[in-house]
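K.L.:
Here's the letter readout for the chains.
There are 2 protein chains.
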Amino acid sequence: MTAREIETELLQMGRDARDAAKVLRQTPRDVKDIALRATARALRKRSAETLAANAEDIAAARDLTPAMRDRLFLGSTHIETIARGLEEIAALPDPVGRELAHWTRPNGLDIRRIATPIGVIGIIYESRPNVTADAGALCLKSGNAVILRGGSEALRSSLAIHAALEDGLREAGLPKTAIQLIRTSDRAAVGAMLKGLNGTIDLIVPRGGKSLVARVQEEARVPVLAHLEGICHVYVHAAADLAMARAIVVNAKMRRTGVCGAAETILLDRAILASHGPAVLKDLAGKGCEIRGDEAVRSIFPEALPATEEDWRTEYLDAIVAMRVVDGIDEAIRHIETYGSQHTDSIVTEDANAAEHLLGALDSAIVMWNASTQFADGGEFGMGAEIGIGTGKLHARGPVGVEQLTTFKYVVRGRGQVRP
Amino acid sequence: MTAREIETELLQMGRDARDAAKVLRQTPRDVKDIALRATARALRKRSAETLAANAEDIAAARDLTPAMRDRLFLGSTHIETIARGLEEIAALPDPVGRELAHWTRPNGLDIRRIATPIGVIGIIYESRPNVTADAGALCLKSGNAVILRGGSEALRSSLAIHAALEDGLREAGLPKTAIQLIRTSDRAAVGAMLKGLNGTIDLIVPRGGKSLVARVQEEARVPVLAHLEGICHVYVHAAADLAMARAIVVNAKMRRTGVCGAAETILLDRAILASHGPAVLKDLAGKGCEIRGDEAVRSIFPEALPATEEDWRTEYLDAIVAMRVVDGIDEAIRHIETYGSQHTDSIVTEDANAAEHLLGALDSAIVMWNASTQFADGGEFGMGAEIGIGTGKLHARGPVGVEQLTTFKYVVRGRGQVRP
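For the record, the sequence lines run as chains A and B.
First residue of the first sequence: 302, per this note's numbering; consecutive thereafter.
First residue of the second sequence: 302, per this note's numbering; consecutive thereafter.
Be a bit skeptical, because a hint or two may be false.
When chains are identical, the list treats them as one kind, so a pair holds in a single copy or across two.
[As the list claims (entries may be wrong)] Simulated crosslink set (DSS-like; lysine-lysine; CA at most 30 Å straight-line):
#  : residue 1 : residue 2
1  : 496       : 511
2  : 323       : 511
3  : 323       : 496
4  : 710       : 583
5  : 511       : 346
6  : 583       : 323
7  : 477       : 583
8  : 511       : 710
9  : 477       : 710
10 : 346       : 588
11 : 346       : 710
12 : 496       : 346
In short, the hints are calculated from the structure, not lab data.
All chains should be modelled from the sequences, with the hints used to inform the complete structure.
P.N.:
Listed below in structure tokens is the structure:
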């Protein structure tokens, strides 16, 4: 297709999504949940063809690293996990129609703030085919139409999953344009989405690596919910319990190193360097973590590589940690403000005043006291599935679940009041 | 100054604002309120010099229409109104630190969503000098640093008001960079703000006419809270009470024609055209309103000018109304969806089912039943002063008061929990 044909097709998808959004806005939860459960059934029924499509994607992919293959690969357990995920989303409360606030004015006007769908959401993602189902389902549950644009290397897999989503929509009597998948792998499609498809896209959510998110944030002419990176910190304060500090640091860094809530820098208070430092460092090294430390860290742990300024700014997403010794809580706060990404930062301490000082001072989306940064997750927050984590200042920060995919309107009921 | 010098200066203002925002984020309400009340006192004290500066602005302005002069002019009553407005903002509850949600997870994690300032806000406005004080005060109350850019024709007036704001900040011991006013009238300054001053501006709020808002929405590379226009509707339903319909229509259109919540189009149900139409039309015409109607309207009110397609899309902000006859509620909804601006729309009816149908179907920021659209105002909603009204989908819709100038963070308190 030419760039012009792609644009024409995408603009039509935008108009169709806008029309579908009008229907979805007023669709009762039963109908949305019927579609989600029917999609789960269809996914299981279409399992063989989905796995075959995925095998074709993998066979066609060139220069596939093990990590890339891992992201792209679907087995039958994955299909079952995706299907169960859809059923869990169906079981969530309806985020639409919630009464967020209600008050009455002295003149008798009754004012309510009511949650409503955002409208049309564009999701741009990479090679994880499950995002097709998860993102489609979260948007449907929240009453939004969605236009999905996945990585070209996973297109066959995504098309197979999308067919199940269309089955679900059909079974519920919903327009199949409620969840549309872009079928061309031309990158011009992403550019057109970022321009907003002639005002039809209300919000873009990128799901993927830093370069994808950076491009979306740079080029988008519509609002974006995302985080560029998660440079999360654990600060082991002077009054930290040693056993707790060890458990939290190793969990925050090593439980899963590839998630955005994984800790990337550990700040040790100089007061506990000798008492806590060696055990914390030994735990990490024992789990196979590479240590990059400042002078003070290397003085107690000579195996550590020297950390450079660059290390404080790096999201490794790997078994590597940067470690720095700070002179007290205010230096820790300054470090986090200077190098952090306002994602998730945690303090370990038995001193409530110190904890509250840091919780108040930091402006991260999530600030924690005596807990692992790996809890930065919609599921762990009790929100159900999430579409990602936001670190921007507006609309939603932290985990973005179905509630965060809604907006609101004011409903005002009167008895003929006019304004004096 | 050269464009380069302007940019250098503005980037420094951005850095200063960011630093001030760190202080404001943790400033207790007492201190903010001391600054606001001290500003009110300083405004009264500096009244003579402010009025003199305003007289100079007016003398220097060329081709001043009466409406422009009205917007620019300050008298001593205006100064007193502005000062009282600041005291009212001081009396509002602190929007920062509110607990927006609180829950505990099965693993014992205590999660709170706490309101926090957004950071640095850029306000771009036109010739109303009072915006300097109102916007500065609303940002301060909500803990945000602000960079103000007013119209060049009001620069002397704004500088005089800004001096009072600096007095207030000084008296409270707050950095004077908490509220900065751009002193150059070069338009390049607006362009630099819209680019976000190297990531220091979190949000832009334009206050002014459609062309200003359109430029800001078009060029801004940071989030914008605004409404482009308020094409508000009153739909007089078949079951409308005649006396109520007359009162609401004339108030919604004619109370003040220049506000964004003024009705621009009246939709009359064909069922009440003969019974209600003549009185409603006569009321409006009697108040000096020009009527532009469709064929059916002109059949009962021949003095009406013929309405064109363009009239349904026009925000007159004047004593002109477009009037159309619709065949029932669904045609009314379709008309509003097609031509409205998702600002404020009202239905007049005694039929609760019809009212709820429209309130549910429309996706406007404010939907009303039996009330005048002129209530679309932060003060009338009980929010205190507003910085404007938003019609976008994200963050805030409807009136934008101090609460809407905050965001939130999650504060998670644990007892050493790690993620399994």
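K.L.:
Take the hints in turn and mark each one as holding or not.
P.N.:
Verification of the supplied hints:
For the homomeric pair residue 496 and residue 511, the shortest alpha-carbon distances inside one copy (20 Å) and between copies (21 Å) are both at most 30 Å. Within a single copy, residue 323 and residue 511 get their C-alpha atoms only as close as 33 Å, which misses the 30 Å cut-off; across copies the closest is 27 Å, which meets it. For a Cα distance limit of 30 Å, the shortest separation of residue 323 from residue 496 inside one copy, 21 Å, qualifies, whereas the shortest one across copies, 34 Å, does not. For the homomeric pair residue 710 and residue 583, neither the shortest alpha-carbon distance inside one copy (54 Å) nor that between copies (33 Å) is at most 30 Å.
Taking CA atoms no more than 30 Å apart as the test, residue 511 paired with residue 346 passes in neither setting, with 35 Å inside one copy and 54 Å between copies. For a Cα distance limit of 30 Å, the shortest separation of residue 583 from residue 323 qualifies neither inside one copy, at 58 Å, nor across copies, at 37 Å. When the C-alpha separation of residue 477 and residue 583 is checked against a cutoff of 30 Å, the pair qualifies neither within a copy, at 55 Å, nor between copies, at 49 Å. For a Cα distance limit of 30 Å, the shortest separation of residue 511 from residue 710 across copies, 23 Å, qualifies, whereas the shortest one inside one copy, 34 Å, does not.
In the homo-oligomer, the alpha carbons of residue 477 and residue 710 lie at most 30 Å apart inside one protomer (26 Å), although the nearest pairing across protomers, at 37 Å, exceeds that limit. In this homomeric assembly, residue 346 and residue 588 never come within 30 Å of each other (Cα to Cα): the closest approach is 41 Å inside a single copy and 68 Å across copies. With identical chains, the CA atoms of residue 346 and residue 710 are never at most 30 Å apart, being 40 Å at best within one copy and 42 Å at best between copies. With identical chains, the CA atoms of residue 496 and residue 346 are never at most 30 Å apart, being 37 Å at best within one copy and 50 Å at best between copies.
Hint check: violations occur at hints 4, 5, 6, 7, 10, 11 and 12; the rest are consistent with the structure.
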